[in-house]
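**Student:** Here are the chains, one letter per residue:
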Amino acid sequence: MSTADNVETKEHKIVRTKNVRRVYRMGNEEVHALRGITMTVQAGEYISIMGPSGSGKSTLFNMVGGLDKPTSGSVYIDEVDVAELDAYELAWLRCRKIGYIFQSFNLIPVMTALENVTLPMVFAGVSTDESRDKGVELLSKVGLGERVLHKPFELSGGQQQRVAIARAMANDPAIILADEPTGNLDLATGKEIIEMLKQMNDEFDVTIITATHDMKMLAASDRIVWITDGRVDRIERREDLDIEVGSVGGDTEGGVEASLRGEGEEEEGEQENQEQ
Amino acid sequence: MPERGGLFEEKDRAGVGRQIVLPWSKAFEISMKSLKIRFWRSMITMSGIILAIAFLMSIWTSNAFLSSFKIAVLEEQGEGAAKSPPPKTVDSQENEQAEEPIARLRKALTKQKEDLEETGLSAKDIWLVVLSLLVCVVGIVNAMLMSVTERIREIGTMKCLGALNGFIVKLFLLESSLQGIAGTAIGIILGFILTFLRTYVYYGGATVAHFPGGGIAFCALMALLVGSFLSVFAAIFPAYRAAGMQPVDAMRVEE
Numbered sequence: 001m002s003t004a005d006n007v008e009t010k011e012h013k014i015v016r017t018k019n020v021r022r023v024y025r026m027g028n029e030e031v032h033a034l035r036g037i038t039m040t041v042q043a044g045e046y047i048s049i050m051g052p053s054g055s056g057k058s059t060l061f062n063m064v065g066g067l068d069k070p071t072s073g074s075v076y077i078d079e080v081d082v083a084e085l086d087a088y089e090l091a092w093l094r095c096r097k098i099g100y101i102f103q104s105f106n107l108i109p110v111m112t113a114l115e116n117v118t119l120p121m122v123f124a125g126v127s128t129d130e131s132r133d134k135g136v137e138l139l140s141k142v143g144l145g146e147r148v149l150h151k152p153f154e155l156s157g158g159q160q161q162r163v164a165i166a167r168a169m170a171n172d173p174a175i176i177l178a179d180e181p182t183g184n185l186d187l188a189t190g191k192e193i194i195e196m197l198k199q200m201n202d203e204f205d206v207t208i209i210t211a212t213h214d215m216k217m218l219a220a221s222d223r224i225v226w227i228t229d230g231r232v233d234r235i236e237r238r239e240d241l242d243i244e245v246g247s248v249g250g251d252t253e254g255g256v257e258a259s260l261r262g263e264g265e266e267e268e269g270e271q272e273n274q275e276q
Numbered sequence: 001m002p003e004r005g006g007l008f009e010e011k012d013r014a015g016v017g018r019q020i021v022l023p024w025s026k027a028f029e030i031s032m033k034s035l036k037i038r039f040w041r042s043m044i045t046m047s048g049i050i051l052a053i054a055f056l057m058s059i060w061t062s063n064a065f066l067s068s069f070k071i072a073v074l075e076e077q078g079e080g081a082a083k084s085p086p087p088k089t090v091d092s093q094e095n096e097q098a099e100e101p102i103a104r105l106r107k108a109l110t111k112q113k114e115d116l117e118e119t120g121l122s123a124k125d126i127w128l129v130v131l132s133l134l135v136c137v138v139g140i141v142n143a144m145l146m147s148v149t150e151r152i153r154e155i156g157t158m159k160c161l162g163a164l165n166g167f168i169v170k171l172f173l174l175e176s177s178l179q180g181i182a183g184t185a186i187g188i189i190l191g192f193i194l195t196f197l198r199t200y201v202y203y204g205g206a207t208v209a210h211f212p213g214g215g216i217a218f219c220a221l222m223a224l225l226v227g228s229f230l231s232v233f234a235a236i237f238p239a240y241r242a243a244g245m246q247p248v249d250a251m252r253v254e255e
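Chains as they are written, first to last, in our numbering: chain A, 1 to 276; chain B, 1 to 255.
Careful: at least some of the hints might be erroneous.
Looking from chain B toward chain A, a few residues come up when the C-beta cut is under 7 Å (computed) [as the list claims (entries may be wrong)]:
(1) 33
(2) 37
(3) 132
(4) 164
(5) 248
By construction, these hints were calculated from the structure, which means they are not laboratory data.
Fair warning: this is a prediction, and the values are worked out from it, not measured in the lab.
All residues carry an ideal CB built from backbone N, CA and C; glycine is no exception.
Here chain B stands alone, though its shape is the one from the complex (with noise of 0.2 Å):
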């Protein structure tokens, strides 16, 4: 069958030879199987970033539909005000009755004024979001160091049949992005969904009727770019670990 000489004559001759490679789509399909053959575990942990994501989302697209209306009541006064200078007249009043969602708003509005200035969120706010992203983080980064150590001898044979630190560094960031991104996007529509819905039973059609799309598309790409930073982030120092390990490790009889 095939000649064997000398073991190294090969590598001399540069070029397909001496190349060891993992193609992307290879290992965008061995980070899937991985994940689909643990999938409650990848969803538990995926449960960390959604719920992270839709609180920011929440914050944010709250904040968008606030906005939206701020402005469209401070057109409407503006409107109002250059219409009808005296404030309380039979005829203003008979206005707001008309536009009671307009008046509910300015009354919501005030309330929150201090918060709406430029910004747009507290303090409190950015603080709350913060530290839910670093719970998260946390979380993907024991989920994955779990499942590091589950897999030594999986990783360790890999390394036996050729695998470059890279290939395994390669596949575990794939993995929790893919696991990040779904957990992300999972995230976006659910907090846009409860918010919208808070926002609804507040101010009612005013929410459809001054609906930032806009605002919340912004807001749900940058939930998205968040998110899965966060999961590959959190995955790095995990897949260097898992990288560094040895193949002797997968000579081990242990489970």
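Bound-form chain A, shown alone (with noise of 0.2 Å):
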């Protein structure tokens, strides 16, 4: 994976992870979501993790965006290792250098399109009436410009998802996590929202994360980073999808995986099923 062009930004390693473990206790039952992952996310990037429901891929993604921390391994953020931030180190971080984006959208339902933009301002410091400007300026800039005022529940699922959008890029991140940022949008919408995600990561340079199963971000993504059962199964990069954009459905999964030639840090082993 070292041969592609569009490594050029190597030598900045936005986000790595070393021999990441997590294990969740279930009452007696220990559950290794993760089992020792090694990744490495370039800065600039568009990366997808994919893999199945309960392939720990979520688990691994709030990792890399710092919400949660491992069992043992290090999740280095800009060379930074996580573990070592203090509470105000973290809320500083999500503040400031990370971008968030849920699948529910998870707007604030009190406040107004606006006011869930500029909130992470507010928490920055910026003054009101810059933050306002920048916030109005994102809304336009993610088509909603004319609805700067409404409530959450006073929009579409995807005009909520881009007020997440222009929210998260409030103050300049240097990543954005999108955790299914699809997962509850139709099919049009989706794509809209990927086409945005990745407007944002071309124009504005943002590394973007996501964790998804949903085949239409493959077109989108940098690098595609296959999650199977706690461990990295492969890690591709989207010159070597054999595959055309546009016919990706949801029923291709199959076939695009066998067109696709695996490579990165595959780990054979034991493949017990860990989830319950």
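Both chains are given apart, each in its own frame, so use the hints to dock them into the complex.
**Tutor:** Written as structure tokens, this is what we have:
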């Protein structure tokens, strides 16, 4: 994976995980959600973490986003070990450097679109006027310039997710983390959201990390990390994917996988099912 | 657009780059909105405070009225004693008829004499007031805990956006105290009006003639303090529970 041409940012590793394991305790049972994951995300990359539900995809995603701490191993965000950050530094990191996008949009229901977008800027200490101007600008950018004063329940799912994208971009983050951003949206709207993320990626050079099982995401991603059973199954670059952008439907997953050449940290070993 | 170098380079420049804030004005705004959108629920929670404080206020106010009457009667008696030492003359009977409200007052007062010694409140009254305030606190704690559970996602989202635990505590305490102060104010007014009416029906014009303005103002102030303190106190546990929520919770899909 060092040969592809869009690795020009190779020198700047924005996120790096080293042998990350995560064990949950459920009663007397130990659930191994992650069994040693080592991966790197370059600055400015659009990366998708894919895998069936229960594969540990969401857990890995939370680790990378500094939302969860590994049982063993380390997560480095810009070469800083997340485990060493105190509560204040973590809050600062989340506020200034990471933008979050959720499957169910997670807008604050009592606030208007604009207030939702300006909230991270309020936390960051930006003045009211400045944050309002920037909020309007961001909302216009995602095509909601006319709806800045709408409450979340007055917006459609796609519109809410666009507000969420604007909110994620509020403090010019280095990373956007999107957890199943298209999961609650229909096909066309999901496509729009993916295009919008791609646009942010191109225009602002923001690193985008998504956890998804939406095949539409493949076309936009620079690299795809396949997670199975708490391990990295394989990591693929888009150029290696033998697929036509338009032809990827929900039913072709098997076909797509068959046509992919596996590479990366493939691990053989016991595959006992850790899901209950 | 904006240049993005190392993530933490800003952090090293202490000062503007590092701050994470939630100004009081903004916190106030958010709390007001949260209360407004759950208006009826807030009203129900508030009604607990209203009733408890109205009860407290009515006990204190009627006590203030009775004390005021008692002083008036004592003064009257002192004057009467000085004027006409023999108690049962035609004169004094006429006098009593002329000042009928005072006579009724005297009768009422002899009944409650024990209650009105020094402290002014009977043990039973104190017990009832404490009990009603306790019930009110339990009600607020319950309502706030419900509100926390209902807003796990909202809290998690705020933490993902960079909110410190302190912000969440601030928001919840502010919300509860706003609710508490409003409820207390209504309770004070309600308690006062009801007690005034009751006293007026019993004692008539004397209620106005011997209106203990200062005493009642003091009662109102005390009730306001008690109500505000209790509503903040009741919200402390729920607020800290809310602040302890992990941002991962915001990722949960279930509503």
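**Student:** Taking the hints in turn, state whether each one holds.
**Tutor:** Hints, one by one, checked against the model:
no., hint, verdict
1, 33, "holds, 4 Å"
2, 37, "holds, 5 Å"
3, 132, "violated, 32 Å"
4, 164, "holds, 5 Å"
5, 248, "holds, 5 Å"
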